[in-house]
Amino acid sequence: MLITLLAVPLSCALLSGLAPWRRATGWLGVASSLGVLIGGVVLATGVVGRHAASGFHGVLRADALSAFMVIVIGVIALLATLQGIRYLDAEIAQGRSTRRHAALYATLVQGFLATMLLAVLAANLGVMWVAVEATTIVTTFLVGHRNTRTSLEASWKYIVICSVGIALAFLGTVLVYLAALHVPGHGAHALDWTSLVAQMHHLNPGVMRLAFALIVLGYGTKVGLAPMHSWLPDAHSQAPAPVSALMSGVLLTVAFYAILRFKVIADGALGAAFPRTLLVVVSLLSLVIAASLLLSQRDYKRMLAYHSVEHMGLIALGAAAGSTLAIAAVLLHILGHGIAKGVLFLTSGEILLVEGTSEIEHVPALLSRRPVLGGIFAFGLVALLGFPPFSLFVSELNMLRAEFQVGLGWAAVLSLVCMAVIFGAVMTHGRHMLLGPRGTAAPVMTPALVAVPLIGGLVGCAFIGVSAWPLQTLLHAAAHVVAR
Amino acid sequence: MTSSTYASLLGLGAAVVLLCAVMTLWRRSVGAIVKVLAVQGVALAGVALSIGIDHHDATLAVVAVLVLAAKGVVVPTLITRVVRHDPASRETQPLVNVPASLVAAGALIFLAFAASRSVTALAPTATGRLIPYGVAAMLVGFFALATRRKAVSQIVGILLVDNGIALVAFLATAGVPLIVELGASLDVLLAVVVLQVLATQMRLRLGSLDLDQLSELRD
Chain A
1 MLITLLAVPL SCALLSGLAP WRRATGWLGV ASSLGVLIGG VVLATGVVGR HAASGFHGVL
61 RADALSAFMV IVIGVIALLA TLQGIRYLDA EIAQGRSTRR HAALYATLVQ GFLATMLLAV
121 LAANLGVMWV AVEATTIVTT FLVGHRNTRT SLEASWKYIV ICSVGIALAF LGTVLVYLAA
181 LHVPGHGAHA LDWTSLVAQM HHLNPGVMRL AFALIVLGYG TKVGLAPMHS WLPDAHSQAP
241 APVSALMSGV LLTVAFYAIL RFKVIADGAL GAAFPRTLLV VVSLLSLVIA ASLLLSQRDY
301 KRMLAYHSVE HMGLIALGAA AGSTLAIAAV LLHILGHGIA KGVLFLTSGE ILLVEGTSEI
361 EHVPALLSRR PVLGGIFAFG LVALLGFPPF SLFVSELNML RAEFQVGLGW AAVLSLVCMA
421 VIFGAVMTHG RHMLLGPRGT AAPVMTPALV AVPLIGGLVG CAFIGVSAWP LQTLLHAAAH
481 VVAR
Chain L
1 MTSSTYASLL GLGAAVVLLC AVMTLWRRSV GAIVKVLAVQ GVALAGVALS IGIDHHDATL
61 AVVAVLVLAA KGVVVPTLIT RVVRHDPASR ETQPLVNVPA SLVAAGALIF LAFAASRSVT
121 ALAPTATGRL IPYGVAAMLV GFFALATRRK AVSQIVGILL VDNGIALVAF LATAGVPLIV
181 ELGASLDVLL AVVVLQVLAT QMRLRLGSLD LDQLSELRD
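Chains as they are written, first to last, in our numbering: chain A, 1 to 484; chain L, 1 to 219.
By construction, these hints were calculated from the structure, which means they are not laboratory data. Some clues are possibly wrong.
[To be verified] Residues from chain L shown here face chain A by an in silico Cβ test under 7 Å; the list is partial:
(1) Leu111
(2) Ala114
(3) Gly183
(4) Ser185
(5) Leu189
(6) Ala191
(7) Val194
(8) Asp219
[What the hints assert, rightly or not] To list a few chain A residues with every Cβ distance to chain L over 12 Å, as calculated:
(9) Ala53
(10) Arg96
(11) Leu191
(12) Val382
The structure displayed is predicted, hence computed values, not measured ones. Glycine included, C-beta positions come from ideal geometry on N, C-alpha and C.
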């Protein structure tokens with residue numbers, strides 16, 4: 001089962017690379033994403049309330065948390081691959097890309113999905129590291145796919161900063177392994193998450209403290225948490241829109257998933273206080289940086305990128321609280337933010353395509369000039385700012401509640417202040433982009449292939465915000481994996 | 001192998017790794033720096049091989065051969081290819097001058113010994129005592145990354161960080177499990193290939209490998 005799940009995007013990657021890009025290649029990618037999503041749902045029904053699934057000689061393992069992440073990957077991949085067809089069509093039509101180059105894009109996107117799946121399905125924390133590092137390598141070419149001077153700069157910065165960050169995470173992993181080897185009776189699988197959890201109370205606290213700090217700093221680089229976030233606005237604004245959607249919507253949270261796995265072990269070895277303090281510090285730092293830099297943004301893709309830094313900060317603060325309520329809210333936020341941010345990046349890609357600029361100043365009055373596109377962008381922003389009925393409202397509220405319950409009320413209040421500043425900044429930018437007089441031109445409609453998936457995404461985001469079904473049991477089971 | 005030979009071999013290997021890291025700050029010619037990097041890769045392989053022989057661990061010996069091939073031969077060749085077509089990047093232009101860099105390296109080595117106390121306390125063996133050397137090599141790599149503005153120098157910085165961590169892994173845990181080791185080595189190799197491709201594109205587009213020319217993205 002687990003190996004099949006990995007084989008789907010891998011075989012699609014091979015197939016897509018065989019011939020120059022055609023629309024059929026695009027639909028193959030969509031089918032692969034759908035396969036991943038269905039696989040995730042099947043996996044989730046299989047592991048909730050039962051034993052974790054394991055596969056490929058114990059290298060792969062899936063519990064409720066992994067299954068939930070597979071679903072998140074599948075949902076956003078579905079949106080991104082659907083939009084990818086539109087992106088490549090336009091690139092080829094405008095002569096910016098050849099069909100060969102487009103086939104490379106399709107292959108890399110499928111490879112990107114496969115590496116993310118491996119990261120959330122790995123039983124061994126070292127293999128998880130290998131997978132997360134591999135996501136960097138695959139996405140570097142995707143960031144630079146448009147082959148401009150700025151995208152080259154962004155991809156260079158991306159791979160250099162992320163390689164260094166992830167190297168720190170490797171050192172952290174080695175130290176965890178060292179601590180595990182010094183516990184009597186360890187097996188050959190000392191880096192397996194289950195065996196680490198089984199002996200977590202015996203791990204040397206001094207080494208674990210250093211290790212967890214390196215893990216948070218290292219994987220935090222890939223999450224886009226301050227102080228190692230500086231690559232994020234560049235990479236996310238320069239990448240093609242479907243890639244930005246995948247990177248901002250899921251890749252960040254796949255890296256955060258790694259931190260969650262280590263947090264369980266660190267909590268066991270060190271008690272809750274040290275991991276909590278560390279996460280609160282990086283979280284508040286990220287929130288403050290996001291708030292101060294969002295105010296002066298002139299580029300709407302960069303605005304969205306900094307918004308991701310904010311949301312990662314919120315997720316880190318929720319994880320710092322660490323109760324079952326908090327983790328369930330964190331996971332719901334991971335899904336809700338993924339959908340809303342994915343939809344917004346895809347919409348911004350369409351805006352860039354039809355308007356030809358990514359500067360906020362030069363795309364006014366979208367609601368009257370392009371009602372459908374403007375409407376999706378408006379609702380996306382509303383979702384991202386945490387208004388009901390979208391699920392981000394519920395998850396933010398529950399994270400705040402959980403933070404007050406465990407005595408992190410002061411941090412919650414600080415996060416609210418940052419959120420208020422960001423709210424103001426995004427509203428100002430959004431108002432400029434959305435409202436205003438149309439002028440003389442007639443309103444332009446948006447193709448259904450573009451609009452329908454995006455509207456579907458927003459409806460889904462609202463649905464999981466108001467209905468406990470179908471996620472309730474899965475979220476509960478997944479939260480219990482982290483909060484023990 | 002007697003235990004004293006073993007200890008001195010390991011000490012020699014670890015010292016060479018650290019010394020090579022410092023030498024990359026000292027030498028200005030990129031050709032020389034790449035040679036130093038290759039020597040560092042060989043020393044790293046030597047450390048892995050000594051531990052493998054001492055522990056009677058055949059896997060680690062295989063890993064040592066892989067490290068030798070990857071870090072001693074393939075990676076230096078790849079970097080040489082980047083500079084071959086770009087005469088301007090045969091000299092590094094550090095933001096911090098060489099004497100100051102060396103002083104900073106000294107400070108970083110002290111920092112490494114202080115920071116790895118909790119780790120050496122857990123592994124007070126001949127190998128465990130050498131862990132700070134790896135940490136120091138890693139910190140020197142960070143320093144090189146932060147103060148060099150040429151594409152090639154940044155690749156070298158990343159590799160220094162990586163080699164330092166690899167040394168820590170060999171000394172602390174006699175290497176990570178084989179599957180992780182293979183995956184990690186493959187990742188590093190691929191990352192260098194990606195960096196090489198990017199550097200080639202940079203040269204074609206900008207005519208040089210000077211990162212200061214790439215500064216359009218800012219807030």
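Inset, instruction - Just pull the numbers of the violated hints for me, sorted ascending. - result: Violated hints: 1, 2, 4, 5 and 11; rest satisfied.
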